Amino acid sequence: MSDVNFDETLVLKNIEGENSSDILKCMATNLYKKGFVKESYAEAVIAREKKFATGLPTGSYGVAIPHTDIEHVNQSAISIGILKKPVDFVIMGEETEKISVKLVFMLAMHDCHSQLSMLQSLMEIFQDEEVLTYLATEESEVKIKDEVVKKLNLSIVRGGE
Amino acid sequence: MSTKKVVLVACGTGIATSTVVSDALEKMAKENNIQVEIIQCKVTEVPAYESRANLLVTTTIVSKTYPFPIINARAFLTGIGLDKLKEQILEELKK
Chain C
19 MSDVNFDETL
29 VLKNIEGENS
39 SDILKCMATN
49 LYKKGFVKES
59 YAEAVIAREK
69 KFATGLPTGS
79 YGVAIPHTDI
89 EHVNQSAISI
99 GILKKPVDFV
109 IMGEETEKIS
119 VKLVFMLAMH
129 DCHSQLSMLQ
139 SLMEIFQDEE
149 VLTYLATEES
159 EVKIKDEVVK
169 KLNLSIVRGG
179 E
Chain F
168 MSTKKVVLVA
178 CGTGIATSTV
188 VSDALEKMAK
198 ENNIQVEIIQ
208 CKVTEVPAYE
218 SRANLLVTTT
228 IVSKTYPFPI
238 INARAFLTGI
248 GLDKLKEQIL
258 EELKK
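Protein chains in written order, with our numbering: chain C, 19 to 179; chain F, 168 to 262.
Derived from the structure by calculation, the hints contain no laboratory data.
Here the structure is a predicted model, which means the values were calculated and not measured.
Treat the hints loosely; a few may be bogus.
The calculated label-pair distances, taken between Cβ atoms and stated as ranges, are [said to hold, decoys possible]:
{"#": "1", "chain 1": "F", "residue 1": "Val229", "chain 2": "C", "residue 2": "Ser118", "range": "22 to 30 Å"}
{"#": "2", "chain 1": "F", "residue 1": "Lys251", "chain 2": "C", "residue 2": "Ser78", "range": "37 to 45 Å"}
{"#": "3", "chain 1": "F", "residue 1": "Lys231", "chain 2": "C", "residue 2": "Lys116", "range": "21 to 29 Å"}
By construction, the Cβ of each residue, glycine as well, lies at the ideal position given by its N, Cα and C atoms.
Using the sequences plus the hints, can you model the full thing?
Structure below.
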């Protein structure tokens with residue numbers, strides 16, 4: 019499995035926006051500042067969200083997994099946005115039906131098929147209401163990071179164990 | 168046993184959700200002793216396989232119509248409605 023960049027600086031708490039594009043822009047800009055994605059990523063991820071929505075209903079908090087083509091990415095990374103107030107995302111595979119999203123897992127994927135186990139673990143998080151509640155309500159970015167690292171079995175490039 | 172079914176698994180980028188769905192399908196086919204050829208692609212690449220495929224399993228909207236059935240695979244990601252989805256896919260694969 020290849021390495022995925024993730025640390026507490028990629029956990030963005032209390033982010034605010036009028037709509038999903040605002041949130042995506044904010045998260046993508048952070049990834050860009052850290053060098054994980056190219057400048058083109060923000061626009062690409064927003065455009066892709068409009069075309070192929072990524073909102074997912076869960077048992078508790080709505081989630082979204084925005085991502086885009088690999089050519090906009092320098093190094094694989096994952097960023098988590100916890101929204102101050104949920105915003106609507108269109109549900110994956112639907113034309114217009116929306117879900118109110120509290121947790122955004124932005125995926126910057128650099129290679130095609132190496133992230134299967136990480137993605138599978140991520141989907142397991144979406145089916146675990148306890149973990150979702152923890153991520154949505156915990157105040158400490160470091161604790162959120164630790165929980166996600168544990169759940170995703172991440173082999174971290176930077177940001178400690 | 169029937170001939171090997173060709174199943175397309177498509178998402179917007181062909182890298183994220185289709186990877187998860189492909190793996191789930193593969194396991195499902197194995198458990199049920201069904202031979203399938205799984206082709207993972209972007210939804211925009213589906214037309215290239217139109218003549219070969221028996222089924223399209225996808226996490227995105229498909230705006231075109233195809234000669235094969237299309238099944239929404241979101242339940243593989245959320246777990247909501249998963250049993251029904253599996254049943255639906257198995258039914259197609261056993262045809």
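Evaluation of the provided hints:
{"no.": "1", "hint": "F/Val229 with C/Ser118: 22 to 30 Å", "in the structure": "holds (25 Å)"}
{"no.": "2", "hint": "F/Lys251 with C/Ser78: 37 to 45 Å", "in the structure": "violated (21 Å)"}
{"no.": "3", "hint": "F/Lys231 with C/Lys116: 21 to 29 Å", "in the structure": "holds (24 Å)"}
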